[in-house]
Amino acid sequence: MNGIGQDVWMAVVTCFAAIFTQNILLTTFLGMCPFTSVSREVKAAIGLGVAVVFVMTFTTVLNWLAYYWVLVPLKLEFFRFILFIIIIAAFVQFVEMVVDRYSPKLYQTLGIFLPLITVNCAILGTSLFMVIREHSFIVTIGYGFGSGVGWLLAILAMAGIRQRLNESRVPEGLRGPGITLIIAGLMALAFVGFTGVLS
Amino acid sequence: MTDILITVLIVSSIAAGLALLLVIAERFIANYGQCKITINQERDITVQGGKPLLSALTEQKIFIPSACGGRGTCGVCKVTVREGGGLLLPTETPFLTKEEIDGNVRLSCQVKVRNDLAIEIPEELFNVREYTARCADIEDLTYDMKRFRFELTEPKAMDYIPGQYVQLLCPKYKGNSEEVYRAYSISSDPEDKGVIDLIIRRVPNGICTTWCFEHLKKGDAVRLNGPYGEFRLSKTEAPMVFVAGGSGMAPFVSILHFMQKTNNLREAVYFFGGNTIRDLCLAEQMKGFEKALPNFTFVPVVSRPEEGDGWEDETGLVTEAVKRRFKVLSGYEGYLCGSPGMIDAAAKVFTSLGMPEDKIYYDKFA
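Those sequence lines, one after another, are chains P and X. Using our numbering, the letters of the first sequence correspond one by one to residues 1 to 199. Using our numbering, the letters of the second sequence correspond one by one to residues 200 to 565.
Be a bit skeptical, because a hint or two may be false.
Straight line, CA to CA, 25 Å or less: simulated SDA-like cross-link-like pairs of lysine to any residue [what the hints assert, rightly or not]:
hint	chain 1	residue 1	chain 2	residue 2
1	P	Lys105	X	Gly269
2	X	Lys522	X	Thr475
3	X	Lys250	P	Phe94
4	P	Lys105	X	Pro293
5	P	Lys105	X	Gly274
6	X	Lys250	P	Val99
7	P	Lys75	X	Met200
8	P	Lys105	X	Leu288
9	P	Lys75	X	Asp202
To spell it out: a stretch of chain X is covered by chain P in this simulated footprint if at least three of its residues, at any positions, have a beta carbon under 8 Å from a beta carbon of chain P; those stretches are [to be verified]:
hint	stretch
10	443-457
11	546-554
Calculated directly from the structure, the hints in this document are not laboratory data. Glycine included, every Cβ here is placed at the ideal spot set by N, Cα and C.
My request is simple: use the sequences and hints to build the entire structure.
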C-alpha cells in the first residue's frame, strides 16, 4: 500500500485504537464530569454520547486545519489551547443554532447536551493529542471519530451498569459519584484487556 | 515586542472572524421574524422571535412568576401553551406532573418563540405590577394588630378585586439580613385605587411583622407587588357566612366596602372570633356596614370573656357560635379567612351543616 491508501488504513487502525485500547475516557480520564453526572440513565447517555461523537469528529478536523494552516505557518503553535477552545465553542454554538432551527426533534434529544460539550475536556484533549501524536489529516478524521465513539461506548456501559445498580444495595457513603468512580476504575482495568489487539 | 503585537492581532482577528461568522449565522439561521402570541384567546402581542417565551412576555410587561430568572431550575414559570410550543424538552420534564404534560403546561423559560403561539395564563397575572408606596398612616386596632395605610406613588393606582392580597417587601434591618416578601390581604375600599390598607397582626419573632411594628414609620417608602389571589365574592345571589379571626378581618373589610358601593343585598353573616374582648376591632366600622347593608349582620364572638368586661354577646369558639345560629347551611356559601386551624375547623362545621365543599372559599394564612 502506498500514499493515501496507507493513510486510510492508518485512520481505521487509529479509530479502533481510540475506541478500545486508548479510550479517551478510560485511559486518560478526560470528560469525567458529564460522564458521572449524565450516566444515570441510558437514554440521556446516548444523547450526550452521540453529541460528543459529532462534535469531537468535526472539531478535531477543524482544529487540524486551524493548527497546520494557520498556527504553524505563523509560528504560533503555543496558542493552540486558546484557539482550539474558541473554535470548539463557536462550532457548538453554530450547530446548536442550526439544529434548533431546522430539526426540533433532534434539538429535543441532542440540543440540551450541546452547550454542555463546549467545556468538555475530552473534546479539547482529543484536539491536543492530535497535535502531540502528529496525526495526518486523514488519520485525524479517524482519530476524532474513534475518540468520540470510545467516549460514547464508555458512558453507555456506565449508564447500563448504573441502571442495574438502582436495584442493588450500595453502601450509603458510596452512593452516587463514589460508586461511579469505582466502576470507572474497574472499567478502565477491563479496557486494559484490549491492549495488544492493535498496535 | 512586535511578536507579541502580531500574535495578539492574529488571535484577535481569528476570534473576531469566528464571532462575525456566528453573528451572520444568527442573522440568517436564527431569524424567526415577528411572532404573534395570543393570550387567553383574547389578547394578541407581537414579539421578535427567537427568545424564550418568559422574557418575551416580560418585555411586554406581563410578569410570569419565576424564582430562578429563566435558567430552568425553579420550575415556577409554568404557562399553558395551546399551540406552537413545539416538543417538550428534557429540561422541562422534571418539573411537570403527568396531568400538566397532558394539559400542555410548559416552562415558559424553556419554550422558545419560533412561530405564532397561543398560550393561556391566569387572568390575574395581567394586573400584577411592582409598586412603590409611602406609609401614610399607622393605626392601632388592638394590642397586637395595626392597620397600615400605604399611598401608592408609582404606579399611582392598583386595580384589584376585593379579597385579593399584595406582597410587601420587608427590607434588611438590624436582625434581618435578607429582603423577603410577605403576603397581606388588602383591607381598603377598592374604589380608592391609590390607597392600600393592610391589617397586620404581630407575629412573635416574625421577620416582616417585627419590621412593620418596630421600624416602619409614617412617611417611609415601601415596595409591594400584586394583586394576587382567588379569594373573592362569587357571582351568585346565595346567602353567605363569613368567618374570620385576627387579621383575617382584612379581606372582609374590603369586600364589605365593595358590597356597600354596589348596593349588594345578599344576606351575609360575619362571625369574627377573638380570645378576649381585647382581640376585637373595628366595631364602629362594622356597625356602619350593618346600617348601610340591610342584610348584613356582624357577630363578634369572644371565646374567653373575663369577669367584669361587660361582654354580653356570643361566647365560646367561633364555630360554636355558627352552630348556634344556623341549623342548616345547605343553600349558603362560606367565606373563611385566618389561621389554617380555624379554617379547617370552620370548614368542617360548614360541611356538617350541609354546605357543599365547592361553596366554601378560603384564604389560609400560611
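* Please flag the earlier hints that this structure goes against, numbers listed from lowest up. => Those not satisfied are hints 10, 11.
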